[in-house]
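Generate coordinates for the entire structure from the input sequences, incorporating the hints supplied.
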Amino acid sequence: MVKLFGREAFEEQRADRESATVRESNIEAARISAVWMPYANVLMGFGTGLVLWFGGLAVIQGAVTLGMLIGFTTYVAMRSNLLRPIRQTGMMLNSVVRSVAAAERVFEVLDIEPEIRDAPGALPLRKRSLLRNVRGHVRYEGVRFAYDGQNEVLKGVSLGAEPGEMTALVGPSGSGKTTLVHLLPRFYDVKAGQITIDGQDIRKVTVKSLRDAIGIALQSVYLFDASIGEGHHNIAYGNPNASQEEIEQAARTVQMHDFIASLPLGYGTPVGERGVRLSGGQKQRIALARVLLRDPRILILDEPTSSVDAETERRMQEALSEVRKGRTTFVIAHRLWTVQAADQILVLGDGEIVERARRTATQSAHEVLLAAGGPYRELFELQFRGEALLAEVGGAL
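Numbering (the numbering used here), first residue to last: 89 to 485.
Possibly wrong hints are sitting among the right ones.
Stated by the list, open to error - With a straight-line Cα cutoff of 25 Å, these simulated PhoX-like cross-link-like pairs (lysine-lysine) come out:
1. 243 <-> 292
2. 279 <-> 243
3. 279 <-> 296
4. 279 <-> 292
Hints are computed from structural coordinates only; laboratory data are not their basis.
Structure follows, in structure tokens:
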């Protein structure tokens with residue numbers, strides 16, 4: 089990025105400013121240390137002078153004997169054991185100053201209080217369910233939310249999603265799609281209304297049990313600087329106890345196993361910092377495999393195939409259709425043709441659901457919305473014309 093925008097000189101100046109700050113701090117610490125150690129020596133020398141002055145006067149006056157004065161001054165001369173710790177405090181001062189500065193940064197992070205906490209008496213989600221495990225009945229009831237507490241991003245949204253059902257969220261950028269799904273795992277809490285899973289308010293269950301039941305694959309992917317299949321990282325990050333067979337099956341689902349197997353180190357191949365050694369589509373698929381390996385009851389997919397080619401996307405969509413069975417799935421879609429198989433489509437606009445449709449016995453939700461001729465049809469036609477225009481330009485080139 090620095091090279092792309094030609095900002096080398098700016099970054100050099102910023103590094104110089106930081107270096108200058110560190111240099112001044114070190115000079116100040118060295119100055120204090122340099123003053124302290126001579127000061128300690130002068131102090132002890134001054135103390136010895138006072139002993140000799142007042143002791144000599146006392147001998148002259150006959151208050152003490154000469155032998156006592158000599159003995160006392162001899163003990164004072166053996167002051168190295170007393171001076172050593174005083175001198176060492178000066179030597180340690182530099183380290184203390186560095187440690188205090190580092191500790192301030194560390195405790196600044198450690199002292200941060202999480203905004204989202206377990207409510208008093210919160211219990212694991214599955215223990216409050218009437219059934220043994222989480223089913224995934226999701227309800228949004230009059231949900232309102234604002235990041236700054238004033239300007240609402242969501243304005244009274246209500247919806248329901250059933251297990252085994254795929255709900256697609258579509259709409260222009262800034263309409264509230266991502267915010268809507270981020271409220272489900274309690275990245276934020278609603279301002280008004282409530283969200284329930286299997287009839288339970290998500291604010292009354294433990295955060296861990298809630299997030300254990302939800303898997304999210306986002307467009308922005310973070311991979312650790314470790315191997316592809318290394319335990320506790322990357323594919324197995326969400327399920328470190330997964331077997332190698334389970335890891336490989338997740339990779340097959342997202343169409344990555346053959347590529348990984350072709351690498352010299354296979355699943356032991358390092359991916360580099362943030363997955364720099366992989367393409368965007370490969371990173372996206374590994375992130376999706378990481379989610380699937382957790383086997384969540386509720387699945388949230390934020391355009392999971394946006395960075396792959398058409399053939400790979402087709403195969404991934406086929407595999408995901410099997411994965412979605414029995415799960416409650418939310419899909420944020422920007423390319424509308426990818427949601428034609430959705431059981432329910434919600435069109436968002438300015439924080440509200442402006443149009444919605446469910447699959448019927450004779451029509452898909454996609455067909456119902458197209459026939460309605462509302463905002464969804466406008467989005468679809470606009471996108472279709474844009475793709476057609478790009479195809480014409482590409483053909484001309």
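Enumerated hints in conflict with the structure, sorted upward
As far as the earlier hints go, not one is violated by this structure.
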